[in-house]
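K.L.:
As a plain string of letters, each chain reads:
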Amino acid sequence: MTGAVLKVENLCKSFGALPVSDAVNLEVKSGEIHAIIGPNGAGKSTLIGQVAGGLSPDTGSIFLNGQDITGLKMAHRAQLGLGRTFQISSLAMEMSVLENTILGAIGQRQDAHRFWSPVSRNAALGDIAMTALAAVGLSAHADQVVATLSHGQRRQLEVAVALTLRPKVFLMDEPMAGLGSEGTKTMTGFLDRLRQKAPILLVEHDMDAVFALADRISVLVYGKIIATGSVEDIRKNPEVRAAYLGNDEPAS
Amino acid sequence: MRERHLNILVLALLAAVPLCAYVSDEPFTITLSTKVAILALAGVGLNFALGLGGLVSLGHAMFFGIGGYAMGILASHAQSYTPIYDGLFVFEGTKSMLVIWLVAVLAGATAALVIGALSLRTTGVYFIMITLAFGQMFYYFTISWPAYGGEDGLSIYVRNGFPGLNTLDPIQFFALCYGILLIVLYFFWRLERAPFGLVLKASRQNPLRVTTVGLGVYRIQLIAFVMSGAVTALAGALFADLNRFVSPSMFSWQTSGEIMIFVILGGIARLCGPVIGAAVFILLEQILGDLSQFWHIYLGVLLLVVVLFAKGGLTGLITRRGAS
Amino acid sequence: MPTLDLSTLLLIEQTLNGVQFGVMLFLMAAGLTLIFGVMGLINLAHGSLYMVGAFAAAAVAGISGSFILALIAALSAAAIAGVLIEVLIIRRLYDRDHLDQVLATFALILIFSEGTRWLFGSFPLFLDIPAALSGPISLPGGIEYPRYRLAIIAIGLLVAFGLYLLISRTRIGIQIRAGQYDREMIGALGIDISRLYTVVFALGAALAGFAGAMIGAIQSVQVGMGEPVLILAFVVIVIGGIGSIKGAFVGALLVGITDTLGRFLLPLIFAQFLDPSSATAIGSALASMLIYILMAGVLLIRPTGLFGAA
Chain A
1 MTGAVLKVEN LCKSFGALPV SDAVNLEVKS GEIHAIIGPN GAGKSTLIGQ
51 VAGGLSPDTG SIFLNGQDIT GLKMAHRAQL GLGRTFQISS LAMEMSVLEN
101 TILGAIGQRQ DAHRFWSPVS RNAALGDIAM TALAAVGLSA HADQVVATLS
151 HGQRRQLEVA VALTLRPKVF LMDEPMAGLG SEGTKTMTGF LDRLRQKAPI
201 LLVEHDMDAV FALADRISVL VYGKIIATGS VEDIRKNPEV RAAYLGNDEP
251 AS
Chain B
1 MRERHLNILV LALLAAVPLC AYVSDEPFTI TLSTKVAILA LAGVGLNFAL
51 GLGGLVSLGH AMFFGIGGYA MGILASHAQS YTPIYDGLFV FEGTKSMLVI
101 WLVAVLAGAT AALVIGALSL RTTGVYFIMI TLAFGQMFYY FTISWPAYGG
151 EDGLSIYVRN GFPGLNTLDP IQFFALCYGI LLIVLYFFWR LERAPFGLVL
201 KASRQNPLRV TTVGLGVYRI QLIAFVMSGA VTALAGALFA DLNRFVSPSM
251 FSWQTSGEIM IFVILGGIAR LCGPVIGAAV FILLEQILGD LSQFWHIYLG
301 VLLLVVVLFA KGGLTGLITR RGAS
Chain C
1 MPTLDLSTLL LIEQTLNGVQ FGVMLFLMAA GLTLIFGVMG LINLAHGSLY
51 MVGAFAAAAV AGISGSFILA LIAALSAAAI AGVLIEVLII RRLYDRDHLD
101 QVLATFALIL IFSEGTRWLF GSFPLFLDIP AALSGPISLP GGIEYPRYRL
151 AIIAIGLLVA FGLYLLISRT RIGIQIRAGQ YDREMIGALG IDISRLYTVV
201 FALGAALAGF AGAMIGAIQS VQVGMGEPVL ILAFVVIVIG GIGSIKGAFV
251 GALLVGITDT LGRFLLPLIF AQFLDPSSAT AIGSALASML IYILMAGVLL
301 IRPTGLFGAA
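Protein chains in written order, with our numbering: chain A, 1 to 252; chain B, 1 to 324; chain C, 1 to 310.
Bear in mind the hints are in silico, worked out from the structure with no lab data behind them. Be aware that a few hints might be false.
[Said to hold, decoys possible] Under 8 Å between C-beta atoms, here's a sample of chain A residues computed to sit facing chain B: (1) Glu94; (2) Ala112; (3) Pro118; (4) Val161.
Every residue, glycine too, gets a C-beta built ideally from N, C-alpha and C.
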């Protein structure tokens, strides 16, 4: 109960007779990376959706720094400090890298109702944005249109935008997806340093990255968490091996 | 050609043509130019919602009509010396443009607030159909409300007054409308570059992204819709003043379509797109209209070609030639 | 509640009128909602297809004197027009955003309207009710109701039933339902999407043209007759839910009856406590807004319509 930045308590959701989240209990503590792994169809996306606010659970609660956010809308949760990145990059494609990041800065400052002074002359927004871009290494691409970015660069931009929000916790849905081995290495190193800014709830398929990064791992199978523990514990857990790790996917 | 140069050229032409017509004593051309300026203003209004916000408001003529009838009601009571309301307090009509514009803008904004608040709870096709339906509602209501002419409309015998100007003089009235257009264009230009403009544009491209950074898309879109309604209503009041006539057709779906055509022809979301579009539309109406009474067919074909093959409208075509 | 001084016969007659109106609205709305459900396309030109049907019927009836031939002409002309524009223009729009679809189909309205005016002139055409269906028919309770309007109700319900059978019992129907559910999947299942889309569009067009012809006999056949009906059909779909034929049916009857009874009852209700001219004025003005208020009400409670996907 103490020290948990993000807490998921007895989350249940069913689509008809199919339980997609079955009494899920989770915690993300300060400074940690808590990874969620599990086979396809286990319900990871639905879980993320409920934590982020796009889906509402049937029963159960979600707490952010002790505050019950279960009934709150997505935008409100973001304001309270939930920084989310998407598996399929969700960015304003026609805008530039900088503009997307400034969007995040505007969101952080809740300052969208300015109608007169140009964004380009707004030092506060510019600073937040450029700092975030520098942190992910995209400063050189600030004026590039997002549609022309490579897949890996878009992932970096997603993280940059999440950074501008000064989140209390990161919610990351398969950040390694689609990255080559170089990109994965860079992202892994980056996430490792990122945990100091805010803890990360990480959904991932790339087992090498998960074992390298995670402080704790929870294994989700058919909507149920069958095990939670350190990397070693999970590796040795026979249920987990049977359900998931036994059919080891090669690192992509 | 760079877009900025195109914009200056277009606005300069819009001023130059009536000035030349003034010198050569052709009041009809001045009136046409005034019509272009006013219709462009309606298009700029739509552009706030449609161009920047991606809100396909197919009933925007309702705001045009509201502005027109604001003028019609106020002026008709003034010219017949009967008060609009004579109870606890007396609410008289007026023929002062400044007051009329204020009322028109407030009425347009209020209507947009109510209708937007309701319609923006939906998205996509629902929104399109709902705005179209509400436009139609105003149309039918105005036809069946007998007090202000019903289907026949309402005539205002003398143009309303503006301090210091003879508004019946075509060039002076043009200058007034042109001035308003410039002011609104300037506001549009600033809005687009301000944080609100950025968020609004992002809401069109990716509403989920905007939500994820903690901003409410609904409120942003509603504010844009209200601004849009207010500006289009102002254009409606000016249009009614130009023609000294107001009728339910200002509310019709055809009018909604035409306003959208100006915006698309000129280039959606472009600053002076509506100006170009309105000018082209009026030119076509004059030139083709003389050739054939069925000139709407050519307009339809042109629109089809633009939509299928030239999405950026005329602005897109012209600016693509130069280096950007 | 003030006692209303109406004859119940009048009320029943107006209700039947409302049903008749609703049934014809359903034909328009069904086509529209099918086209949107299966192809994701918003089609403003649907009113033009309604008009094409009416004009074809009037023209053929004028030449041949046969109402049956006129109806066949209406169906064929509208279907052919539908196939033509689908192949030439509409199919380029399936991948476009809604704004493009709106603009392109609006352009089609312009072309169709002016084209029809060019062909037939600006004056309305007249389509006569066939002799066999003219005059009143006696219904139980002493009601005298126009035979033709009753026929419209019957035919409309028959078509609705036929549509129901088509969608639920035939192979095309299954393809349509599958397409509504998951557009990308049916391509993967090897169904010829192109042909399916053309068929659906033509079906919608035929329904519209048929409705135009039937109504053309009781109202005049003129350019621009289709658009008010189109917009009403939009209201129906919003109330009923996009993509739902059942929603279109319920919505159409709701709209038809509300509008007709509203126009009839509201001035009478107001006449209870206002002077006659004010009562008529306020009553009919309010009546003209009634279905839009209904639509707004439905939207407040269920933004995706009564039977729409949530």
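K.L.:
Now, for every hint given, state plainly whether the structure supports it.
P.N.:
Here is how each hint holds up against the structure:
1. Interface restraint check: Glu94 (chain A) against chain B, minimum CB-CB distance 6 Å, threshold 8 Å, status holds.
2. Because the smallest distance between the Cβ of Ala112 (chain A) and any Cβ of chain B comes to about 5 Å, under 8 Å, the interface hint for this residue holds.
3. Interface restraint check for Pro118 (chain A): the shortest CB-CB distance to chain B comes to about 4 Å, inside 8 Å, so the restraint holds.
4. Evaluation of the Val161 (chain A) hint against chain B yields a held restraint, the C-beta minimum of about 7 Å falling below 8 Å.
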